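**Student:** Using the sequences and the accompanying hints, generate a full structural model.
Number of protein chains: 2
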Amino acid sequence: MAKVIDPWGSTLIEDYNKLISDFYLDRFDPKEFPNPNRLMRRGVVFSGLDLKVIAQAIKEKKPFYALSGIMPTSEKIHFGTKMVVEMVSYFQQQGAKTYILVADLEAEATRGVSLEEARKRAMEFHIPAYIALGLDPKKTTFYFQSDNIEVVHAAYKFSKKVTYSQFHALYGDSSPDRIFAALTQVGDILYPQFKKRMPGVIPVGCDQCPHILLTRDIVNRMKKENYFPPSATFHKYTPSLNGHFKMSKSMPESMIELPEDPKSACNKIKRAVSGGRDTLEEHRKLGAVIEKDMVFELMKQHLVEDDGELNKIYEEYKSGRMTSGELKEIACRKIVKFMEDLEKGIKKARKDVNKLNFVKL
Amino acid sequence: MAKVIDPWGSTLIEDYNKLISDFYLDRFDPKEFPNPNRLMRRGVVFSGLDLKVIAQAIKEKKPFYALSGIMPTSEKIHFGTKMVVEMVSYFQQQGAKTYILVADLEAEATRGVSLEEARKRAMEFHIPAYIALGLDPKKTTFYFQSDNIEVVHAAYKFSKKVTYSQFHALYGDSSPDRIFAALTQVGDILYPQFKKRMPGVIPVGCDQCPHILLTRDIVNRMKKENYFPPSATFHKYTPSLNGHFKMSKSMPESMIELPEDPKSACNKIKRAVSGGRDTLEEHRKLGAVIEKDMVFELMKQHLVEDDGELNKIYEEYKSGRMTSGELKEIACRKIVKFMEDLEKGIKKARKDVNKLNFVKL
Numbered sequence: 001m002a003k004v005i006d007p008w009g010s011t012l013i014e015d016y017n018k019l020i021s022d023f024y025l026d027r028f029d030p031k032e033f034p035n036p037n038r039l040m041r042r043g044v045v046f047s048g049l050d051l052k053v054i055a056q057a058i059k060e061k062k063p064f065y066a067l068s069g070i071m072p073t074s075e076k077i078h079f080g081t082k083m084v085v086e087m088v089s090y091f092q093q094q095g096a097k098t099y100i101l102v103a104d105l106e107a108e109a110t111r112g113v114s115l116e117e118a119r120k121r122a123m124e125f126h127i128p129a130y131i132a133l134g135l136d137p138k139k140t141t142f143y144f145q146s147d148n149i150e151v152v153h154a155a156y157k158f159s160k161k162v163t164y165s166q167f168h169a170l171y172g173d174s175s176p177d178r179i180f181a182a183l184t185q186v187g188d189i190l191y192p193q194f195k196k197r198m199p200g201v202i203p204v205g206c207d208q209c210p211h212i213l214l215t216r217d218i219v220n221r222m223k224k225e226n227y228f229p230p231s232a233t234f235h236k237y238t239p240s241l242n243g244h245f246k247m248s249k250s251m252p253e254s255m256i257e258l259p260e261d262p263k264s265a266c267n268k269i270k271r272a273v274s275g276g277r278d279t280l281e282e283h284r285k286l287g288a289v290i291e292k293d294m295v296f297e298l299m300k301q302h303l304v305e306d307d308g309e310l311n312k313i314y315e316e317y318k319s320g321r322m323t324s325g326e327l328k329e330i331a332c333r334k335i336v337k338f339m340e341d342l343e344k345g346i347k348k349a350r351k352d353v354n355k356l357n358f359v360k361l
Numbered sequence: 362m363a364k365v366i367d368p369w370g371s372t373l374i375e376d377y378n379k380l381i382s383d384f385y386l387d388r389f390d391p392k393e394f395p396n397p398n399r400l401m402r403r404g405v406v407f408s409g410l411d412l413k414v415i416a417q418a419i420k421e422k423k424p425f426y427a428l429s430g431i432m433p434t435s436e437k438i439h440f441g442t443k444m445v446v447e448m449v450s451y452f453q454q455q456g457a458k459t460y461i462l463v464a465d466l467e468a469e470a471t472r473g474v475s476l477e478e479a480r481k482r483a484m485e486f487h488i489p490a491y492i493a494l495g496l497d498p499k500k501t502t503f504y505f506q507s508d509n510i511e512v513v514h515a516a517y518k519f520s521k522k523v524t525y526s527q528f529h530a531l532y533g534d535s536s537p538d539r540i541f542a543a544l545t546q547v548g549d550i551l552y553p554q555f556k557k558r559m560p561g562v563i564p565v566g567c568d569q570c571p572h573i574l575l576t577r578d579i580v581n582r583m584k585k586e587n588y589f590p591p592s593a594t595f596h597k598y599t600p601s602l603n604g605h606f607k608m609s610k611s612m613p614e615s616m617i618e619l620p621e622d623p624k625s626a627c628n629k630i631k632r633a634v635s636g637g638r639d640t641l642e643e644h645r646k647l648g649a650v651i652e653k654d655m656v657f658e659l660m661k662q663h664l665v666e667d668d669g670e671l672n673k674i675y676e677e678y679k680s681g682r683m684t685s686g687e688l689k690e691i692a693c694r695k696i697v698k699f700m701e702d703l704e705k706g707i708k709k710a711r712k713d714v715n716k717l718n719f720v721k722l
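Protein sequence lines, in the order shown, are assigned to chains A and B. So in my numbering, the last spot in the first sequence is 361, and the numbers never skip. So in my numbering, the last spot in the second sequence is 722, and the numbers never skip.
Honestly, the hints are just simulated from the structure, not real lab data. Incorrect hints may have been included.
Stated by the list, open to error - Facing chain A, according to a computed beta carbon distance under 8 Å, are these residues of chain B, among others:
#1 470
#2 474
#3 514
#4 520
#5 523
#6 535
#7 538
#8 541
#9 583
#10 625
#11 627
#12 691
Claimed, not checked - Just so you have them, the derived chain B footprint on chain A, three or more residues with Cβ under 8 Å:
#13 125-139
#14 163-173
Claimed, not checked - Capping the alpha-carbon separation at 20 Å, the derived lysine to aspartate or glutamate pairs in EDC-like fashion look like this:
#15 B:695 x B:622
#16 B:721 x A:150
#17 B:556 x A:116
Keep in mind that this is a model prediction, so the values were computed, not measured. All C-beta atoms, glycine included, are put in the ideal place defined by N, C-alpha and C.
**Tutor:** Here it is, written out as structure tokens:
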């Protein structure tokens, strides 16, 4: 049986360790990188591929790139996108040439969003949001798939380098639209190398692993072109507030969107599954079950930057001195501040979005 | 079992009638069209799809288009290509807007011919050959797939409108490169309708039937775009000189390329499988077995324009008054003249090829 992760669906991945062994991923070690960010320090980035070559490029100040895409189908993003942007920004700060593409062809083909509408959404929301979340627009190259004829030509060329069976083994599906989408993504991932060979890192959620593996397979089969196989970081999902594995649009109460009305986000936190005990007495005596507390996980992944502050909250809550209600109060204040800052940041970035560095080929 | 015709291979199709019934094709009736050409009059064009709408457009002088492609992988063409060009030219003379695309993306992806090399071959040989064979360049729009971003975008969009199973049923194969090639061809076939809806006819050899059926399926699934499903004419193969079903490069003696050295072509004709009897006496008595005579078939399809002349040859040969050697002498003279004219025509057309009407988007 093929081991399948569906990058378009929401397959549950209960065991990240199993994922590492099934797909021969490397375990991530934050000590290999200078000034690891919150996600790297706290095990949210749990694995990767070929990261030594990136660590080395950083150390030796050699050229490398970081790349990610925008899927302009919705008018919101989510915490998973935030993690991608934070990882791209981290590598950008370490010297990566940075590329952000807008997957407007994929949006049109797979979700029926017209190219015009996709462009509008990307310019008015997605790109400003990426900037608000930490991307330095001055150091970033942006492009729309529909403007980049080199990428679509490459996708066609790569189609010869993969068989139906491999595709099926990686994706568990091989419908023509998925083949187009995946091979266009391979084109995107390798695009920075079309002119100059260099290592590149693609930060992705663990569900996007097949795209990276497909690209690496194709690179291996195109010896003549001599591409670097792409490196990748994989991060965990931000868990659902109602205790499920992954936030999902089908359960609105489980997920906080970005941006979201601060009050609404706060209310969702207040109703979230907690690790507090049934009675206050029990809680004081036994302490919180932190590993089941979705609010603590959200704070760890996203809301508390300082490790000392997070440790203190952990100790207080774990020991039972802090109640679940008190924890939620802190989280609520933090998410309100975060949403307010995000809204401001998006507005500010939107003003200058037309001046950015867009590639058109 | 799926009924499969492989447009990339050389599947034998022994029975054209079976093909008509298996694929629900229409039987071709030359009386529906004004001044039918040699191929139409003589049953070489044996079937079609939706040709009434084309006949009507001709009659009512309404806009319609004819389209074909150039596959610039080799430096020769063959009699099958000649038939396509003759059919396109026929419709052009009846008023069709005419489009010729160069499938350079397909050539690169599936045969490893670089875009530059493909362009060079098309400009120096294929396009001049098409003109030498009857195409009016002044009334033709040419484009390279790699220059036409609208077609590749459309291919991506169409990918959503076909399933793996349909693809497999039509082609008996569904490797990613074939999916790319086929959907890009669908883009090519519909390209003239992107700006203005109109009927179009695609003259093809019967092995290309799946592309037409795929396009018609996709059109039916895209009601909103309101494309006309493409019409098509299907012609028989030019039979192999050694009596096999179809000329093939793997049997060089069986096939005459275009252009070919006149002497070499003549020699191949002299060695061809004939319908002559074992002895002269028998031949005079019983007459030739014309339906097994590859040289007569070649004359009927390509070398004798005038019906009266062909009838006379038929009568003489059938009755045994003309020997197989004499028939071959006539064919030889005709092919020498044809090859000489073709060479001259290509040289002449090559001079003006840069002035043609190329689309670049």
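**Student:** Go through the numbered hints given earlier and state which of them the structure violates, listing their numbers in rising order.
**Tutor:** 2, 9, 10, 11, 12 and 13
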